[in-house]
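Residue strings, one per chain:
Number of protein chains: 2
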Amino acid sequence: MAERGSGLLGAALTLIHTGRAPTRSALTAALGVTRATAGAVIADLRDLGLIQVGAGSRGGAQGRPSHRLVIDPEGPVALAGQVHPDGFAVALVGLGGQVVARTSWAAPVPDDPAHALAPVAGAAAELLRRSGRRCVGAACAVPSAVTEPEGAAVSPLYVGWPTGAKIRDTFAGLLADRQISVPSRVVNDVNAVALAEHRHGAGRNAEYLLVVSAEHRGVGGALVLHGALYTGSSGLSMEAGHVSVDPGGRPCPCGNRGCLNVETDAARFMAAAGRVPRPDSPVLDQATAILSAEHRSDPRVAEAVALLVQRLGLGLAGLINVVNPDRVLLGGLHKYLLQAAPGQLRETVALRSPWGRGAAVPIHPCALDHGGLIGAAELAWQPVLDNPGLLAR
Amino acid sequence: MAERGSGLLGAALTLIHTGRAPTRSALTAALGVTRATAGAVIADLRDLGLIQVGAGSRGGAQGRPSHRLVIDPEGPVALAGQVHPDGFAVALVGLGGQVVARTSWAAPVPDDPAHALAPVAGAAAELLRRSGRRCVGAACAVPSAVTEPEGAAVSPLYVGWPTGAKIRDTFAGLLADRQISVPSRVVNDVNAVALAEHRHGAGRNAEYLLVVSAEHRGVGGALVLHGALYTGSSGLSMEAGHVSVDPGGRPCPCGNRGCLNVETDAARFMAAAGRVPRPDSPVLDQATAILSAEHRSDPRVAEAVALLVQRLGLGLAGLINVVNPDRVLLGGLHKYLLQAAPGQLRETVALRSPWGRGAAVPIHPCALDHGGLIGAAELAWQPVLDNPGLLAR
DNA sequence: GCTATTTTGTTTAGCGGCTGCACAAAGTCA
DNA sequence: TGACTTTGTGCAGCCGCTAAACAAAATAGC
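Residue numbers (this note's numbering), protein chains in the order written: chain H, 2 to 394; chain P, 2 to 394.
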């Protein structure tokens, strides 16, 4: 098999992976190469066990139908884990963001990262063993900022891990103990969601994608630039949770007041709506339940929505003025806030934009069900997407 | 002459341009190619009239001395212009950021962009004619956000241009009238400063460079990522001037209150220090004069410094938490504020950072005298830096 | 001052990836 | 059924880069 140069092989696999090259001729056009070269590339990817070439079926157009490029259903998978304040999840994810197998369970997160990640590694190993498939890499989404390139947790506000814990090494070690020796990474959960949405969800084809999400607790932000996660110089970028939206607001664990974190998350919504969260289920679930149609008539709920949407709009406007995205996605509770009051949110953002509503950015809800897992898998797949030839060795 | 592929020629020229490859062997190492390939690349660049190969003189080290790579002193130049609220400047800039010729004059800026840019184009044409050198491109720095790719001014707060004016087309047309037909651009002034500082000033080798500057009026921000200006999806990124640092503060032309624009610029400093600006000289000059040593004993000046530094620190902290830069540069009035109270500024930033002072980002003053002009020239040079072969045609 | 060593520049042969072209294959349209 | 259109494949060839051998220019050691 010829070694392709200049990343052509990776570009081709990425196009197939993201669904932008469903047929052979589409790939040829997207790569900007001759049919002969595309043929060689496709042969390589097939030899690597990543894709299969199917029969071309097409109606209406002239000429010889182009063969379909399909992801090999027995091809390798990435191992994805997720830790959030209310529980755990693990999945095997193939090319194209296909979730091949998945399991999840609710449980408190131990204060020791090794104790917290051990069951994730265990469940992952079990899923992988049963699937019998090759593993290209592993990644775990966590509710904490993660430094690059060390892979250390920084001020995880909603789990009890110590700041500076090298959770990437911990995770890799736990997998190695189970005979899984693949490149392993740890990633902030909202970063993972953003990457997943960009590749397979509501963020497709956006070149400057801003994602803000109130997952289980707190608020996170992420930016995907030209298809790659923007992590900043040390992994600590897009700390959207600490954007100030109310100088006289509630204290945030970071030391300031009125951060997006404490002003627009599920706990704040419950308080604003006059509800006391029950301890037996995740706050996020309770908040989204209240946001559903049957409770909208409650004036306290309407007030809470108006308040949080106003705060969220302020925070979004600030981020938009810095990042100038071409699309904004909202996840977690923010997704439901957007759906409850889309007009008010867009209005608030436009009012705070120096350019007015003329330069309005489209704001959409996140589209994926398991964005954290799929996004973690994207990160695990990335080295292969950059250079598929890695699999040959 | 062989056409080099995959941007090798451009990478080589950029290394020489930024001073990272002063000798032939340094270039070979930096490019990661063989000496034979480097030889071919150097021959190409020399044939294009961009560089010359000098004799190698070096003391202390063993082995044959490597030839020096020097920028051709008769090589082509870029044409750089600058418009600011207090006047105009024009320069010819060669490779390496060398200002070959320069002229500037104070004058009010006409409300019609064509009238404002005409003398810039005229002075540029005159400089170019007298120099007798080839021109690779032109760019003009302006005190306004500029949309990409249209090149339109958006809400120029400090000159009277209409929003949406296509000043790039205007500028290109004025140059074409004077028989200068080269690619022409228009760029925000702080963006230009940032690019210049990254290539030739205090931002060298930074991968994530954040620049905030209070030039003549207002405040601007810019970001240089991996050597290229970050413009966002439509050129309107890094609107640092509209970061809110005092919700109850002064009204900003954008409609909000307490923006960095109105809380930390030269006019605000004068007011805080109890001075009334004289109309006969630029406010920035008056403010920096007051900031010099002999006025520091004035308690009102000290108060003004403390107030503005506190506001600036708040704004910087917000930007740093989003961008996570590896270096921050301050220009214009902010440069002098930093020099007047470096400890207080760094303290304020660190206090507002969720990671505390452990992850402190280095904050430095800008180093270049004519950053706006040099940065505009960088933009004009960019197509040639990306593909020097363009000059052959 | 001579030689040995080190590092640099140049020449040459050769490989590998990609293009361009010719031709075959597989569909639609009249 | 035949003309047309589009797609896949085989083959010759170019071009950029590498590898290796050789020549050149300095220092280091005797």
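A few of these clues could be false.
Unchecked claim - These stretches of chain H come out as covered by chain P in the derived footprint (C-beta under 8 angstroms, 3 or more residues):
(1) 43-50
(2) 62-71
(3) 172-182
(4) 253-262
(5) 277-284
What the hints assert, rightly or not - FRET-style restraints, in silico, Cβ to Cβ:
(6) P:G88 - H:G249: 38 to 48 angstroms
(7) H:A303 - P:P150: 40 to 50 angstroms
(8) P:T35 - H:P74: 39 to 49 angstroms
(9) H:H227 - P:T164: 21 to 31 angstroms
(10) P:T35 - H:G161: 49 to 59 angstroms
(11) H:A31 - P:A229: 21 to 31 angstroms
As the list claims (entries may be wrong) - Listing some non-contacts, in silico: residues in chain P with all C-beta distances to chain H over 10 angstroms:
(12) T35
(13) L49
(14) Q63
(15) G64
(16) G88
(17) P109
(18) R130
(19) P163
(20) A166
(21) E240
(22) M271
(23) D299
(24) G319
(25) R353
(26) L391
By construction, these hints were calculated from the structure, which means they are not laboratory data.
Here a beta-carbon is modelled for each residue, glycine too, at the ideal position from N, C-alpha and C.
Evaluated hints:
Restraint check on the segment 43-50 of chain H versus chain P: 0 residues with Cβ-Cβ distances below 8 angstroms, three needed, restraint violated. Residues of the segment 62-71 of chain H lying with their CB closer than 8 angstroms to a CB of chain P number 0, which falls below the three-residue condition for coverage. Check result for the segment 172-182 of chain H against chain P: violated, 0 residues qualifying (beta carbon to beta carbon below 8 angstroms, three or more required). Only when three residues or more bring their CB closer than 8 angstroms to a CB of chain P does the claim for the segment 253-262 of chain H stand; here the count is 3, and the claim holds.
Residue count for the segment 277-284 of chain H with a Cβ under 8 angstroms from a Cβ of chain P: 0. That is fewer than the three needed, and the coverage hint is violated. Checked against the hint of 38 to 48 angstroms, the pair G88 of chain P and G249 of chain H passes, with Cβ atoms roughly 43 angstroms apart. The hinted range of 40 to 50 angstroms is satisfied by A303 of chain H and P150 of chain P, whose Cβ atoms lie roughly 43 angstroms apart. Evaluation of the 39 to 49 angstroms hint for T35 of chain P and P74 of chain H yields a pass: the beta carbon distance comes to about 44 angstroms.
Taking 21 to 31 angstroms as the suggested C-beta distance range, the pair H227 of chain H and T164 of chain P conforms, at roughly 29 angstroms. Taking 49 to 59 angstroms as the suggested C-beta distance range, the pair T35 of chain P and G161 of chain H conforms, at roughly 54 angstroms. Here the CB-CB span from A31 of chain H to A229 of chain P is close to 24 angstroms, well matched to the stated 21 to 31 angstroms. With a cut of 10 angstroms on Cβ distances, T35 of chain P stays outside the contact zone with chain H, its closest approach being about 16 angstroms.
Non-interface status of L49 of chain P relative to chain H is upheld: no Cβ of that chain comes within 10 angstroms, the nearest being about 23 angstroms off. The Cβ of Q63 of chain P sits about 36 angstroms from the closest Cβ of chain H, beyond the 10 angstroms cut-off, so the non-interface label holds. Every C-beta of chain H lies more than 10 angstroms from that of G64 of chain P, the closest at about 32 angstroms, which supports listing it as non-interface. Distance to chain H confirms G88 of chain P as a non-interface residue, since its nearest Cβ pair spans about 25 angstroms, more than 10 angstroms.
Residue placement check: P109 of chain P keeps its beta carbon more than 10 angstroms from all beta carbons of chain H (closest about 24 angstroms). Every C-beta of chain H lies more than 10 angstroms from that of R130 of chain P, the closest at about 39 angstroms, which supports listing it as non-interface. Listed as outside the interface, P163 of chain P is consistent with that label: its C-beta sits roughly 14 angstroms from the nearest C-beta of chain H, beyond the 10 angstroms cut-off. With a least beta-carbon separation of about 14 angstroms from chain H, A166 of chain P lies farther than 10 angstroms from that chain, consistent with its non-interface assignment.
For E240 of chain P, the requirement that its beta carbon stay farther than 10 angstroms from each beta carbon of chain H is not met, with the minimum near 4 angstroms. Annotated as non-interface, M271 of chain P keeps its C-beta farther than 10 angstroms from every C-beta of chain H; the closest such distance is 24 angstroms. Non-interface status of D299 of chain P relative to chain H is upheld: no Cβ of that chain comes within 10 angstroms, the nearest being about 30 angstroms off. Look at G319 of chain P: its CB is around 7 angstroms from the nearest CB on chain H, not clear of 10 angstroms, so calling it non-interface is violated.
Residue placement check: R353 of chain P does not keep its beta carbon more than 10 angstroms from all beta carbons of chain H (closest about 6 angstroms). Annotated as non-interface, L391 of chain P keeps its C-beta farther than 10 angstroms from every C-beta of chain H; the closest such distance is 20 angstroms.
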